[in-house]
Amino acid sequence: MKRLDPFLPIVGVVGLIVVWYLAVWFQVVDPVLLPSPTNTFWAFWKGMNGGALAFDFLKTVQRTTISTLIAAAIAIPLGIFLGSSERLYRSVEFIIDFFRSTPASAMFPLFLVLFGVGDKTKISVAAFGAMLVILFNVAYGVMNARKTRLLAAKVMGASRLRVLTDVMLLESLPQTFIGLRNGVSLALVIIVVAEMFIGSTDGLGHRVFEAQQLFEMPDMYAAIFAAGALGYGLNLLFLLVERRFVHWSGK
Amino acid sequence: MGDTMDRRATALRQTPAGPTGSIPAVERAHVTIRGLSKRFSNVIIYDKFDFDIPRGKLISVFGPNGCGKSTLINMIAGLIPLDEGEILFDGKKLSEIKFGYVFQNYREALFPWLRAIDNIEYPLKVMRVPDAERRARSEKLIAHLGVKLDLKRYPYEMSGGQQQLVSIMRALIVEPEILFLDEPFSALDYEMTLFMREQLQRVFQETGTTTVLVSHDLEEAVYLADWVLLLSRHPALVADFVRYDDARPRTDATLSEPEFIRVKAHCLDVFQREVRKG
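Going down the list, the sequences are from chains E and Y. Numbers 233 to 483, taken from my numbering, label the letters of the first sequence in order. Numbers -9 to 268, taken from my numbering, label the letters of the second sequence in order.
By construction, these hints were calculated from the structure, which means they are not laboratory data. There's no promise every hint is true.
Straight-line Cα separation of at most 16 Å, EDC-like style, residue types lysine to aspartate or glutamate; simulated pairs [to be verified]:
(1) E/K483 / Y/E147
(2) Y/K138 / Y/E188
(3) E/K483 / Y/E86
(4) E/K386 / Y/E98
(5) E/K386 / Y/E86
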């Protein structure tokens, strides 16, 4: 029986599909609003194989990746700098927490004025949101570096710079990866929302919105699943990278 | 009682004999502490504290809770600044000597991102010793101590005792003039503690490095020591400095020998007296 344990996650998936089929079969919901799983999967398959969905999917991947990279490139060095002095971080903590709590979607009009209608606005709002999430995680990672470990390095004669590069940086990595995973999830949310509204012509958000407008329900569900798969995949990717490079995390 | 006090006085004050006479190692001070003062907020931990640490001996530091045992070695090892006073090693400053320090919390003192062997070699890396020489020195140390551990593993893949052994090796790799250990075995279970005492005794016998061990276990303090430094409640004073010179290697049988029992009982007396004072 234990040998079947790795297959447990499939139980939920199969269950969901069965419930879905039953709902369609007994017409619990209007058939126009809820296509069958087969139709949806077919729409997904066609869309991803040379269809418009594949193009929109890649567009969203591209925007999410760029905004996360920009966010990380700013947040990681800045987080290390701010975190290396607790007093420094405390003096800017309120600003970081305030903007971190501000819904990034509320920033769209401002960024539209700054960057106009186009990719720049979408990417910069997403980067802004993700950056704050990564920043505060990196800073906390550095600040919470084990005091004993810092002392150990100091006792062995390591200079301040050495302590930073050999100890603090590595100490902050597990927390940095938490920030990166949360950051990329947030970036994806912001990008998809941005693609739905502000004068967009492509991206998964646009695909979902357009399919809904045209009442192409299988296409809409397919695009939603594509977005879900993307979010899950990005999270998984960061987890795998973390396990590979931050092997000591949680041990 | 008076007997030990006299012996202590002799050990500390005796000056080198004639030019040809070889001086017993114990009589040469390695570390001289003069006028040491330290306070934490309003509590005076040390007030004009003077002490000499003899060379090539293992000194155990024992005393009531919060008397400043760890504070003392942390100040000697430069982890905590002194308020006043001076600590010299053969007349040299701390920055001019090589020393090793072993923390109680090995889990947090080792670097989990480095393999055990790289942890051990890390101090040499800080000193910019070339790769090949680092390897040669760690191999020499491993052979010297007769360590049979897979040092390619990461610290979190090892038992507590193995991790602390790695910490001790990391402290020894620089060939320190003096080794400090802050309650090194108190986070280990009893079986591992017994094993690690033997390891430490062996290290000490092999290297003869001046060693200062803070312990909260009187049996351990006496068993491992050449001298037991008994501190009073803060402001800490030397309550007694007790010689214990049974031959090494000491074994389980040592624990039931009359001399061990006598010294331990004496230390306990002094300790109880100091505890009651507070």
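Verification of the supplied hints:
This hinted pair checks out: E/K483 and Y/E147 have alpha carbons roughly 9 Å apart, not beyond 16 Å. Proposed proximity of Y/K138 and Y/E188 is supported: the alpha carbons are some 15 Å apart, at most 16 Å. With a CA separation close to 37 Å, the supplied pair E/K483 and Y/E86 exceeds the 16 Å bound. Distance restraint check for E/K386 and Y/E98: the Cα-Cα separation of roughly 14 Å lies within the 16 Å cut-off, and the hinted pair is therefore satisfied.
At roughly 15 Å between alpha-carbon atoms, E/K386 and Y/E86 fall within 16 Å of each other, so this suggested pair holds.
Against the hints set out earlier in the document, a violation occurs for number 3 only.
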